[in-house]
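Build the complex from these two chains, which are given one at a time in their own frames, with help from the hints.
Chains as they are written, first to last, in the numbering used here: chain U, 11 to 125; chain F, 25 to 288.
Treat the hints with care, as some may be off.
Pair ranges (Cβ atoms, derived) [as the list claims (entries may be wrong)]: (1) F:Y33 <-> U:A84: 21 to 31 angstroms; (2) F:F38 <-> U:V85: 17 to 27 angstroms; (3) U:V85 <-> F:H161: 45 to 55 angstroms; (4) F:A134 <-> U:V27: 19 to 29 angstroms; (5) F:A156 <-> U:R26: 51 to 61 angstroms; (6) F:H37 <-> U:D49: 56 to 66 angstroms; (7) F:V248 <-> U:V27: 24 to 34 angstroms.
To be clear, the hints were calculated from the coordinates, so they are not data collected in a lab. Glycine included, C-beta positions come from ideal geometry on N, C-alpha and C.
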Amino acid sequence: MTPHAQARVGHVVPLRVLVGVLATLLVMTYVTVEVSRHDFGRFNLWIALGVAVFKASLVLLFFMHLKYDKPFNAVIVITSLAFLMLFIVIALQDTVAYRPQQIPGYGPSIKTNPK
Amino acid sequence: MSHAEHPPYLQHHFETAEQQFDAGKLGIWLFLATEILLFGGLFCAYAIYRANHPEIFVYAHHYLDKTLGGTNTVILLCSSLTMAWAVRASQLGQRKLLVLLLVLTLLGGAGFMGIKYVEYQQKWKHGLLPGAHFAPHDEGIEAAAPEKPIAPLAGGGADRTTIPPSAEGPAGTVPPASADLSLREGPTRRPSNVQIFFSIYFLMTGLHGIHVLVGMIAIGWILVRSLRGHFGPDYFTPVDFVGLYWHLVDLIWIFLFPLLYLIG
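Isolated chain F, as found in the complex (with noise of 0.2 angstroms):
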């Protein structure tokens, strides 16, 4: 078999142009399915802590911006529509076009990422910060107002904790007495422990934005790649393969928004 025989772009490993995609695209998937679970262990944590001290979630999400979360879900679910048309354009041979739907699926992605700069950046000067680092400015909270008043926490029902904190219990440096004192201090009153919500939302919307920063340079590359005029009809595998990762940052966002910013 003789080199004349290949298109540039088939590996020699490989019989047909077929065969190699079909080969790279479950390789990607594969990649995709490891990139699912990487995100389980964060949705598990989720699951589990809200499970166990539901207050501190309806609490904690009055303090995250549903507009601002609202607008970057606009603008991730936009910008994978203007990935999945690339992928059309490049399949069809449209190059010009492929080159204006990339760099306006890199403008999403910059987009959300100025937008979730904003967000980090409020949380940062009200000293809603993750763990130890979490100390709260009342009057930065107060600006940071939520949109309906916080709903009281007293009584049982479906949102009071399950487990108070250790140092409460028996064994622990506070007597059990002010256990459940948290709960009855009033609708405005902090529940304890508020940093837990906040250290899963750094680590998840932290792990989802460097993924949309990753994905920013990959879709960078295809456009580099675009602009020399490597994609059309025949060959269109990184862009494709480019758009699925895009598609799965933008699905695991499509989780983190309601879960984070809505459910209360």
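Okay, chain U solo, but in the shape it has when bound (with noise of 0.2 angstroms):
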């Protein structure tokens, strides 16, 4: 009587479904070099953001298992994202707001004479 013998576990991801995430990657890393060999002003920086994004979806889901996993694996990778986006967001509205204030009589809303 073994029970546990025959026990599988996890989901076997399809070969085609990994090599087609690893075509789309490729071609996305093109895509982001490409783009940046155009200025698009401030675009730049959120289209590289935005592919980079995409690109670690598809890592996430399909060869990290994420889609065919437990959910709570999925909280906890969002949680430690959102988290992650909270500590950024909040440093950097931080940082905008003291800005007038790290070097006296340079910011934009400080008048003094450096003089």
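In structure tokens:
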């Protein structure tokens, strides 16, 4: 009596899905390099970040099995990313808010005569 | 409950193989969450310095080699595929394929570190080092010439620094009149404090490189165990978990590559 011997855990991802994901990742890498050769002003940053987020989602969902996994693992990832976003956004807002005081006399809102 | 009922890989404190697998996976994901937060601190430093001194990043990223960085991205993505495929091979009991794919993944990691070595060596040779060690040699920088002319730094716009160096402030050691001289000196002149970029560059890619090395050691361990035939459809947990770690390393590079090499 060996009830565990046949136990199969996890999910086997089809090979064509894996190869398809790699192909998409390589295409997106080419896209992000190509976009960086052109000047879209501020949008360069957002395009690059968008492509990176898309690539990262593909890796998480298929290579890391999150799509087929117990949802609790996805909750952990999303929570850590949410806190990371909070961390970066609040820190950025803070540095922007205090910018005028960082070097007195150089803030756009503070009028002093540096002479 | 006698020991005979247990398969050798099932620990006594778990009821079933599935419970053991899920518990382990939960642990690995929690570990990966702490890794995300560890790198998060560096990404936050990047965001703040970039927001305050965009011209440094625009200037300095021309000294990173897009071709080498892009090649490394492709290598790491391919090694992620071979790792994901290795997990599949172990799930299906394809032992020879598993060994081959792990060797390929290991080669990918070695290739990545090799290219990283070449890049670091170039930075070292040209004095493009972090913090107090920053001492660029001009002829070296000419040799490391950017592929396109460095964008002019003059004027306002998004590329202008928002905080001048403290030495140039009213209480600083340099007369304020020279505060924005560095921005007017012409297209190829260095803005102040370029070493900040290289501090961030070396910290982020260095910590990532250490993770690649640790991942390679873990894959080596899995390789030895798979050569001994430890893994099959019933028990592939270590392959899966090392794979998750390797993919996370890939994931972080997916963000590092555009943020350091491409954004200007």
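Cβ distance range 21 to 31 angstroms for F:Y33 and U:A84, holds or violated: The hint (21 to 31 angstroms, Cβ to Cβ) holds, given that F:Y33 and U:A84 are roughly 26 angstroms apart.
Using the beta carbons of U:V85 and F:H161, state whether their distance is inside 45 to 55 angstroms or not. holds (51 angstroms)
Taking the Cβ atom of F:H37 and the Cβ atom of U:D49, is their distance within the range 56 to 66 angstroms? Holds, since F:H37 and U:D49 (Cβ atoms, about 59 angstroms apart) stay within the stated range.
Taking the CB of F:A134 and the CB of U:V27, does the distance hold inside 19 to 29 angstroms? With a Cβ separation near 27 angstroms, F:A134 and U:V27 satisfy 19 to 29 angstroms, so the hint holds.
Quick one: are F:V248 and U:V27 within 24 to 34 angstroms, going by C-beta? holds (29 angstroms)
I want to verify a distance hint. Is the separation of the beta carbons of F:A156 and U:R26 within 51 to 61 angstroms? Holds: the Cβ-Cβ distance is about 53 angstroms, inside 51 to 61 angstroms.
Between F:F38 and U:V85, does the C-beta distance stay in 17 to 27 angstroms? For F:F38 and U:V85 the Cβ distance comes to about 22 angstroms; the hint holds.
Of the numbered hints given earlier, the model fails none.
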